Amino acid sequence: MSNVAGHDQPQRHDDDGPPPSSLGGDLGVLAALFVLLAATIACAFIPMGVGNMIASLAIAVAKALLVMVFYMRLKRDAPLLRIVAATGFAFLIVLIVFTLADVITRIPLLTS
Amino acid sequence: MNSATARLAEQFDDVSQQREASTLGMWIFLATEVLFFGVLFAGYAYGHLLHGAAFAEAGRETDLVLGTIETSVLLTSSCLVALAVRAVQLGRQRGAAVLLLCTAALGTAFLVLHGFEYAHEYKEGLVPGLHWTQVGPSAPYKQLFYFLYFSITGFHSLHVSIGVVVLCVMAWRTMHGHFGPSWHTPLELSALYWHLVDLVWIFVFPLLYLLGRHG
Amino acid sequence: MSQTPPSYLQEGQRLRDWLVTRDHKRIAILYAVAITGFFILGGIAAMLIRLELITPRGDLMSAQLYNKTFTFHGVVMVWFFLIPSIPNTLGNFLLPLMIGARDVAFPRLNLASWYIYMGGGVFTLVCLVAGGVDTGWTFYTPFSTMFSNTHVILVASGVFVVGFSSILTGINFIATIHTMRVRGMTWFRLPLFVWSMYGVSLVMVLATPVLAMTLALIMLERLAGVGIFDPALGGDPLLFQHLFWFYSHPAVYIMILPSMGVVSELITASARRRIFGYRFMVYSILGIAVLGFFVWGHHMFVSGQSMYASMLFSILSFIIAVPSAVKVFNWVATLHKGQIVFDAAMIYALGFVGLFMLGGLTGLFLAATALDVSLTDTYFVVAHFHYIMVGGAVMAYLGGIHFWWPKVTGRMYPEIWARIAAAMMFFGFNLTFFPQFLLGADGMPRRYHEYPDRFQLLNVLSSAGASILAVAYALPLCYLLWSLRHGAPAPDNPWEARGLEWQTRSPPPKHNFVEPPQVDRDSPYAYEDA
Numbered sequence: 001m002s003n004v005a006g007h008d009q010p011q012r013h014d015d016d017g018p019p020p021s022s023l024g025g026d027l028g029v030l031a032a033l034f035v036l037l038a039a040t041i042a043c044a045f046i047p048m049g050v051g052n053m054i055a056s057l058a059i060a061v062a063k064a065l066l067v068m069v070f071y072m073r074l075k076r077d078a079p080l081l082r083i084v085a086a087t088g089f090a091f092l093i094v095l096i097v098f099t100l101a102d103v104i105t106r107i108p109l110l111t112s
Numbered sequence: 001m002n003s004a005t006a007r008l009a010e011q012f013d014d015v016s017q018q019r020e021a022s023t024l025g026m027w028i029f030l031a032t033e034v035l036f037f038g039v040l041f042a043g044y045a046y047g048h049l050l051h052g053a054a055f056a057e058a059g060r061e062t063d064l065v066l067g068t069i070e071t072s073v074l075l076t077s078s079c080l081v082a083l084a085v086r087a088v089q090l091g092r093q094r095g096a097a098v099l100l101l102c103t104a105a106l107g108t109a110f111l112v113l114h115g116f117e118y119a120h121e122y123k124e125g126l127v128p129g130l131h132w133t134q135v136g137p138s139a140p141y142k143q144l145f146y147f148l149y150f151s152i153t154g155f156h157s158l159h160v161s162i163g164v165v166v167l168c169v170m171a172w173r174t175m176h177g178h179f180g181p182s183w184h185t186p187l188e189l190s191a192l193y194w195h196l197v198d199l200v201w202i203f204v205f206p207l208l209y210l211l212g213r214h215g
Numbered sequence: 001m002s003q004t005p006p007s008y009l010q011e012g013q014r015l016r017d018w019l020v021t022r023d024h025k026r027i028a029i030l031y032a033v034a035i036t037g038f039f040i041l042g043g044i045a046a047m048l049i050r051l052e053l054i055t056p057r058g059d060l061m062s063a064q065l066y067n068k069t070f071t072f073h074g075v076v077m078v079w080f081f082l083i084p085s086i087p088n089t090l091g092n093f094l095l096p097l098m099i100g101a102r103d104v105a106f107p108r109l110n111l112a113s114w115y116i117y118m119g120g121g122v123f124t125l126v127c128l129v130a131g132g133v134d135t136g137w138t139f140y141t142p143f144s145t146m147f148s149n150t151h152v153i154l155v156a157s158g159v160f161v162v163g164f165s166s167i168l169t170g171i172n173f174i175a176t177i178h179t180m181r182v183r184g185m186t187w188f189r190l191p192l193f194v195w196s197m198y199g200v201s202l203v204m205v206l207a208t209p210v211l212a213m214t215l216a217l218i219m220l221e222r223l224a225g226v227g228i229f230d231p232a233l234g235g236d237p238l239l240f241q242h243l244f245w246f247y248s249h250p251a252v253y254i255m256i257l258p259s260m261g262v263v264s265e266l267i268t269a270s271a272r273r274r275i276f277g278y279r280f281m282v283y284s285i286l287g288i289a290v291l292g293f294f295v296w297g298h299h300m301f302v303s304g305q306s307m308y309a310s311m312l313f314s315i316l317s318f319i320i321a322v323p324s325a326v327k328v329f330n331w332v333a334t335l336h337k338g339q340i341v342f343d344a345a346m347i348y349a350l351g352f353v354g355l356f357m358l359g360g361l362t363g364l365f366l367a368a369t370a371l372d373v374s375l376t377d378t379y380f381v382v383a384h385f386h387y388i389m390v391g392g393a394v395m396a397y398l399g400g401i402h403f404w405w406p407k408v409t410g411r412m413y414p415e416i417w418a419r420i421a422a423a424m425m426f427f428g429f430n431l432t433f434f435p436q437f438l439l440g441a442d443g444m445p446r447r448y449h450e451y452p453d454r455f456q457l458l459n460v461l462s463s464a465g466a467s468i469l470a471v472a473y474a475l476p477l478c479y480l481l482w483s484l485r486h487g488a489p490a491p492d493n494p495w496e497a498r499g500l501e502w503q504t505r506s507p508p509p510k511h512n513f514v515e516p517p518q519v520d521r522d523s524p525y526a527y528e529d530a
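From first to last, the protein sequence lines are chains Z, P and W. The opening residue of the first sequence carries number 1 in this note's numbering; numbering runs sequentially from there. The opening residue of the second sequence carries number 1 in this note's numbering; numbering runs sequentially from there. The opening residue of the third sequence carries number 1 in this note's numbering; numbering runs sequentially from there.
Derived by calculation from the structure, the hints in this document are not laboratory data. As the structure is a prediction and not an experimental result, all values here were calculated from the model. Check before you lean on any hint, since a few could be wrong.
Among the chain Z residues that face chain W by a calculated CB cut under 7 Å, a handful are [as the list claims (entries may be wrong)]:
no.: 1; residue: Phe91
no.: 2; residue: Thr99
no.: 3; residue: Ala101
no.: 4; residue: Asp102
no.: 5; residue: Arg106
Heads up, the beta-carbon is just placed ideally off N, CA and C, and yes, glycines get one too.
Excised from the complex, chain Z in its bound form (with noise of 0.2 Å):
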């Protein structure tokens, strides 16, 4: 987004960020992740193995996504912010597979 250097446009004072959000909106976000906090732990008492973690996972991304989408307010706001936010997840995402990657892969040595 290019500005203007200098004085010559008249200074706005709306600082143009998103709107209010509404209130049943916000409510309605509390209520989801409240059914989504029940419904971890529910899971967690259900013995499914790898199963277990990845739901475990997979809600709390979804909790997470409630909360930067509407409480955070990504969607209303500028698209950049999503990137960057994206982007800090990616590359902890890269930390972590790069380095378990090799974890697994490890051949024990062979001892004579």
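Based on the hints, put chains P and W in the right spot on chain Z.
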């Protein structure tokens, strides 16, 4: 108290540019926090992958009730701070200040509950380096879990504490009319920080409190 | 008929005005003074190392003192000199000017960055001197967590603090570039130096937090006696290396990307040619910044990392050579049919291209896992990274200091001395570090204060080169300082260069531009094509 105008810093051309830059800066900072905490999650991933059974055993001994209450507290506080920003945007400074103080109170409650947890864990001899009394073949791997437990929750609680202070400052400023519908950027940024604190916990909760519950 | 405003140097000349300034140009100078001090200290450590290595016996210092000395050298040079060097001096000064802005997005944060840097830097320095650390700048576990009897926690916490200076700078630059470009300055009209500041900022904000937490984990493990790097708990010392190098490999791109940006400016201005392949230069900067995060395992080929992970990291390390090579080809292509004058800036720039190329090519040797088995932890590696960091980054830094000296200070430096120093630096550098490639290929290990007799000749040559290099570094310090008083006053655009910074006075007024600068719609390097 609805006519708070922005203090336009001299490097910016207009308030809109100032908000755009400030919000971008805050989001980049939040991304750095994701990577900062992420290291601990990487350590957890490693430990869980290699010592899953011991981690599950260790996970059973965290306090699920307190953990659930803490999660509920933080989720609610996230909603309240979002409503506080909304209130300021609608010109309701007084209501906003109350909401902010409630958020700070919930944050404090979170810390108090954590304190109970820590005290309990100390009593049970589950604090690596300080008071570790577990024995058995899986005890070393459980110590790895609790090292991560205290590191993650410790750093997280530090961030909560900072957030509580920031929220109180914002409540004071809101009460004194610093913010209004046309400008409330510092409040927005503080709310974003608080949401990050909640976000981290959203991932911490299942990993530390829901592990091994079905055993 | 507006009053010409005073220059940024003239506004408020008490010490206090400097210490509470929000002016990015003054903050740049604050940084420059500090990093010069750190460079001198790190250089003294280097001299001690080279002195010890003149003889095969460990006669100058004990093994542990030697370990502390190279740790001092690494910590100071990497974190307190190289990483802040170009971004916090030239970057701070030039970024707003180059995009036509009045300052960076967050001036107070900028000043805070400097104070955090100074605080962490001085604290670490005190700890390094008062007993020091002998783990190497790499802090490998389990030595750093369990066996070293030195001030690991203190030094690590100092570095932890300085990391936040880096992060805040990165945040500031990204926000500035996104939101404060003057009208007409679209993304693909930005000078490559600005693109390099963007790239380096991306790396700073994504990598440095990982270092911070990794150092914290080392500190916690030392304090608690247990930790995730402890095999007795089922932890893994190699996990430290993964976390450490996830930062420290991108860190080397923090150190080289700004140099590449500087060199693009020097070559285009000196040869009076537009850059060849501007868009590819941009993509290469971004490509290096991103790919740099995928190659860290090449530091761990012999550490116990899995063979398959090593293969993956090896292939990726080969791939990352491509954008760097593209840049080298484009610099050379830019010179083709240019008016090449061997002024100081051009000597530095050409020196960079040649030395960076050698350093980069030897990186390919090291990226090949089979070769790395023999070459790792030898002087081959030491030579490789010094060719890039010193032959590359330091020469580009000095080239940039000279090129923009008139703009920053309003004075011209003595050109003859500048050329002599640059040439001496090139010669002294090669004499110091080329023998080290041979030593490493012949098997001399790094980080040892003594060595077998057969390595002595090359070591003596290397130390001789180091003394020439020391003189070559002292020269600019002398004549640049001299020029502050006695140098000819500089015109606004002594090099007749393109770029918005040359459209304002030398030195600029506090708010950079009296009238909004004119952006060239054609190209940032719209020199006459020869």
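Structure-based check of all given hints:
1. Annotation: Phe91(Z) was flagged as interfacial toward chain W, and the flag holds, the nearest CB pair being 5 Å apart, inside 7 Å.
2. With a cut of 7 Å, the hint placing Thr99(Z) at the interface with chain W holds, because the nearest CB-to-CB distance is about 4 Å.
3. Hint status for Ala101(Z) relative to chain W: holds, with the closest Cβ pair at about 5 Å, below 7 Å.
4. With a least beta-carbon distance of about 4 Å to chain W, the hint placing Asp102(Z) at the interface is held under the 7 Å criterion.
5. With 7 Å as the threshold, the beta carbon of Arg106(Z) comes within range of chain W, its nearest partner Cβ sitting at about 4 Å, so the hint holds.
The structure meets every hint from the earlier list without exception.
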